[in-house]
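Heads up: the sequence lines are chains A and B, in that order.
Residue numbers for the first sequence follow the working numbering, beginning at 1 and rising by one.
Residue numbers for the second sequence follow the working numbering, beginning at 1 and rising by one.
Be a bit skeptical, because a hint or two may be false.
To give an idea of the chain A side of the interface with chain B (calculated C-beta under 7 Å), a few residues [unchecked claim]:
| hint | residue |
| --- | --- |
| 1 | Val164 |
| 2 | Leu166 |
| 3 | Phe218 |
| 4 | Gln275 |
| 5 | Leu276 |
| 6 | Ala286 |
Partial pick of chain A residues on the chain B-facing surface, computed with a CB cut under 7 Å [what the hints assert, rightly or not]:
| hint | residue |
| --- | --- |
| 7 | Arg39 |
| 8 | Cys110 |
| 9 | Trp116 |
| 10 | Gly118 |
| 11 | Arg119 |
| 12 | Met120 |
| 13 | Gly224 |
| 14 | Asp227 |
| 15 | Ile244 |
| 16 | Arg247 |
| 17 | His260 |
| 18 | Phe280 |
Across the chosen pairs, the derived CB separations fall in these ranges [as the list claims (entries may be wrong)]:
| hint | chain 1 | residue 1 | chain 2 | residue 2 | range |
| --- | --- | --- | --- | --- | --- |
| 19 | A | Asp235 | B | Glu134 | 29 to 35 Å |
| 20 | A | Ser292 | B | Ala269 | 53 to 59 Å |
| 21 | A | Glu134 | B | Asp148 | 23 to 29 Å |
| 22 | B | Gln296 | A | Ser2 | 28 to 34 Å |
| 23 | B | Gly91 | A | Gly223 | 16 to 22 Å |
| 24 | B | His38 | A | Arg226 | 19 to 25 Å |
Please keep in mind that the hints were generated in silico from the structure rather than gathered at the bench.
Values in this document were obtained by computation on a predicted structure and should not be read as measured data.
We put the beta carbon where it would ideally sit given N, CA and C, even for glycine.
Number of protein chains: 2
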Amino acid sequence: MSYPSNTVVILGLGLIGGSLARALRDSGFSRRFIGYEHRESSLRRGMELGVIDDFTLDLDEAIEQADIMVVCTPTLIASDMLRQILSRLAGRTGGPVITDVASVKGNILCAAQQAWEGRMPPQLVLGHPIAGSERSGVDASNADLFVDHRVILTPVEGNDPAAVALIRAMWESVGAEVVDMTVTAHDAVLAATSHLPHVLAYTLVDALAQSDASDDIFRFAAGGFRDFTRIASSDPAMWRDIAIANRVALLDSIDTFSEHLGRLRNAVATANAEQLFDTFSRAKQARDEFSSILAQRSKQKP
Amino acid sequence: MSYPSNTVVILGLGLIGGSLARALRDSGFSRRFIGYEHRESSLRRGMELGVIDDFTLDLDEAIEQADIMVVCTPTLIASDMLRQILSRLAGRTGGPVITDVASVKGNILCAAQQAWEGRMPPQLVLGHPIAGSERSGVDASNADLFVDHRVILTPVEGNDPAAVALIRAMWESVGAEVVDMTVTAHDAVLAATSHLPHVLAYTLVDALAQSDASDDIFRFAAGGFRDFTRIASSDPAMWRDIAIANRVALLDSIDTFSEHLGRLRNAVATANAEQLFDTFSRAKQARDEFSSILAQRSKQKP
Numbered sequence: 001m002s003y004p005s006n007t008v009v010i011l012g013l014g015l016i017g018g019s020l021a022r023a024l025r026d027s028g029f030s031r032r033f034i035g036y037e038h039r040e041s042s043l044r045r046g047m048e049l050g051v052i053d054d055f056t057l058d059l060d061e062a063i064e065q066a067d068i069m070v071v072c073t074p075t076l077i078a079s080d081m082l083r084q085i086l087s088r089l090a091g092r093t094g095g096p097v098i099t100d101v102a103s104v105k106g107n108i109l110c111a112a113q114q115a116w117e118g119r120m121p122p123q124l125v126l127g128h129p130i131a132g133s134e135r136s137g138v139d140a141s142n143a144d145l146f147v148d149h150r151v152i153l154t155p156v157e158g159n160d161p162a163a164v165a166l167i168r169a170m171w172e173s174v175g176a177e178v179v180d181m182t183v184t185a186h187d188a189v190l191a192a193t194s195h196l197p198h199v200l201a202y203t204l205v206d207a208l209a210q211s212d213a214s215d216d217i218f219r220f221a222a223g224g225f226r227d228f229t230r231i232a233s234s235d236p237a238m239w240r241d242i243a244i245a246n247r248v249a250l251l252d253s254i255d256t257f258s259e260h261l262g263r264l265r266n267a268v269a270t271a272n273a274e275q276l277f278d279t280f281s282r283a284k285q286a287r288d289e290f291s292s293i294l295a296q297r298s299k300q301k302p
Numbered sequence: 001m002s003y004p005s006n007t008v009v010i011l012g013l014g015l016i017g018g019s020l021a022r023a024l025r026d027s028g029f030s031r032r033f034i035g036y037e038h039r040e041s042s043l044r045r046g047m048e049l050g051v052i053d054d055f056t057l058d059l060d061e062a063i064e065q066a067d068i069m070v071v072c073t074p075t076l077i078a079s080d081m082l083r084q085i086l087s088r089l090a091g092r093t094g095g096p097v098i099t100d101v102a103s104v105k106g107n108i109l110c111a112a113q114q115a116w117e118g119r120m121p122p123q124l125v126l127g128h129p130i131a132g133s134e135r136s137g138v139d140a141s142n143a144d145l146f147v148d149h150r151v152i153l154t155p156v157e158g159n160d161p162a163a164v165a166l167i168r169a170m171w172e173s174v175g176a177e178v179v180d181m182t183v184t185a186h187d188a189v190l191a192a193t194s195h196l197p198h199v200l201a202y203t204l205v206d207a208l209a210q211s212d213a214s215d216d217i218f219r220f221a222a223g224g225f226r227d228f229t230r231i232a233s234s235d236p237a238m239w240r241d242i243a244i245a246n247r248v249a250l251l252d253s254i255d256t257f258s259e260h261l262g263r264l265r266n267a268v269a270t271a272n273a274e275q276l277f278d279t280f281s282r283a284k285q286a287r288d289e290f291s292s293i294l295a296q297r298s299k300q301k302p
């Protein structure tokens, strides 16, 4: 059997890294999987579970072994990790293809270019799988996590086309649908659809929890509230990091939202029935169309 | 068999009214059910389904027949309907006990007092079942809709205690848990837990739909966004009416939320990691406690 890659190094062996290793093993994309991170316990657990074949605590060794390095650490650490890898590769030709899975791309692109004399490292292909789970850690990893999920790649000028093709093939081999976007578009779309909703849900729950009537509020909240605030149970450290990493696009999203909320507030204050009805109707129509897209997407699954 | 009530008149035969009639028939609370509203087709359909025994298009006749009148019309129409009923009863002693199911209580209390020479009609007991469905209309009605759901009653000074007891018994007979609150507390709690989340979801979806990147936005939105925006698919006319009916409490809720959002915006703008982490952590803790309450509640179900 021939493999597109001999050795994949997973940097940060949690839900995403572990699931990718499992899935790539199943798909026959790579022969060997090596884990690297600072928590030796996760790496040993990954060995026990058969997710990785070996691990190292030495970044130079990880780089030596790798055909592909996938940075799966939390968002803010991902930039540092890439800087460390790139500084070791500076001036060398060849070496591994490098990719990541972080939720924000602009800050990582910036860090990578700084570490590479202001240019794009040709072998670095930034990516973001739109997949996850409420569970975390290598114990929660599963080989099907990416099946029928989108993976956004953000190739830039200066990228080696062969490196981009390899990372695309890697994600396609685990059943994902790969889509290209610019870094700016990626960060704006994610701010709007994910980062802003998290900020709104956290803000609402925190505001209610601090109100005098918080006992009654949570006692009488119903199903709509449960769905609306579910994402406020997400990991605070992860979302702190994402909010900071994507702060420019997130601020834009917050400001646009606040403008719209201000307009709706005025419509409520003046009992402007027509404006309220028009706004709610437009939103319902858009949300119903979104439901159809989702239904269509799940129909395409085997 | 003896019934606590001989005849219940349902004014507005939709999901809530139809479900209540079915449930009260099953519980043996009333012998007879009569429908009243302006859509004769709904009434005929209710007869076909066996939800009601008879109907009338004449309000005087409905009043004559009723031991209990339950106003189940949409929120804004409920005030008018109560005014019509109360103006016919003014100066009379006895007559039916009257209740409603509207989502907002302050505007209805106000309308009722205006129709009753500035005092509280003793036989009017305002209520709000915290139950619903994405479906609507009498065809969607089901006898279990209120089982293990909360019903908030807002009795006020001037209410006849026997009338309050009868309405409490009515809801308890269909499996609901009845809780008393003041009108002001009810409207504030509902604004915070239901009306504000709807406004936020409508605002977000409308803002995104109007953005230049709306195609990409809806294409890449994931599960968190789906849950967060589900309530933006709710009926625009119903929510226009609720927003207007509860505008004072809703404006308070919007303003409190906006203040908190403004603070969080500043934390993002200044990359204040500590403030972001603290806010997100407090919210997560409150949301996790809410999850436990919900889990506890569903465990109590048979």
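Hint by hint, here is what the structure shows:
At its closest, the beta carbon of A:Val164 sits 19 Å from a beta carbon of chain B; the interface hint therefore is violated under the 7 Å criterion. The interface hint given for A:Leu166 is violated, since its Cβ lies 23 Å from the closest Cβ of chain B, which is over the 7 Å cut-off. A hinted interface residue such as A:Phe218 counts as satisfied when its beta carbon comes closer than 7 Å to some beta carbon of chain B; here the least separation is about 5 Å, so the hint holds. Interface hint at A:Gln275: violated, since its Cβ lies 9 Å from the closest Cβ of chain B, which is beyond the 7 Å cut-off.
At a threshold of 7 Å, the smallest CB-CB gap from A:Leu276 to chain B is about 4 Å, leaving the interface hint in force. For A:Ala286, the shortest C-beta to C-beta distance to chain B is roughly 4 Å, which falls under 7 Å, so the interface hint holds. Against a cut-off of 7 Å between C-beta atoms, the interface hint on A:Arg39 is violated, since the closest Cβ of chain B lies about 20 Å away. Annotation: A:Cys110 was flagged as interfacial toward chain B, and the flag is violated, the nearest CB pair being 14 Å apart, outside 7 Å.
Among the interface hints, the one on A:Trp116 is violated; its C-beta lies about 24 Å from the nearest C-beta in chain B, farther than the 7 Å criterion. Because the closest C-beta pair between A:Gly118 and chain B is about 23 Å apart, greater than 7 Å, the hint is violated. For A:Arg119, the shortest C-beta to C-beta distance to chain B is roughly 26 Å, which exceeds 7 Å, and the interface hint is violated. At a threshold of 7 Å, the smallest CB-CB gap from A:Met120 to chain B is about 23 Å, leaving the interface hint violated.
Evaluation of the A:Gly224 hint against chain B yields a held restraint, the C-beta minimum of about 5 Å falling below 7 Å. For A:Asp227, the interface hint holds, since its Cβ comes within 7 Å of a Cβ in chain B; the closest pair sits about 5 Å apart. Hint on A:Ile244 holds. Least Cβ distance to chain B is approximately 5 Å, under the 7 Å limit. With 7 Å as the threshold, the beta carbon of A:Arg247 comes within range of chain B, its nearest partner Cβ sitting at about 5 Å, so the hint holds.
Look at A:His260: its Cβ gets to within about 4 Å of chain B, closer than 7 Å, so that hint holds up. Taking 7 Å as the C-beta cut-off, the interface hint given for A:Phe280 holds, the closest approach to chain B being about 4 Å. The supplied range of 29 to 35 Å is met by A:Asp235 and B:Glu134, whose beta-carbon atoms lie about 30 Å from each other. Between A:Ser292 and B:Ala269 the C-beta distance comes to about 37 Å, which lies outside the given range of 53 to 59 Å.
A beta carbon spacing of about 25 Å between A:Glu134 and B:Asp148 agrees with the range 23 to 29 Å that was offered as a hint. Between B:Gln296 and A:Ser2, the C-beta spacing of about 56 Å breaks the proposed range 28 to 34 Å. Range check, B:Gly91 to A:Gly223: Cβ separation about 44 Å, and the 16 to 22 Å hint is violated. Against the hinted window of 19 to 25 Å, the Cβ-Cβ separation of B:His38 and A:Arg226 comes to about 35 Å, which falls outside the hint.
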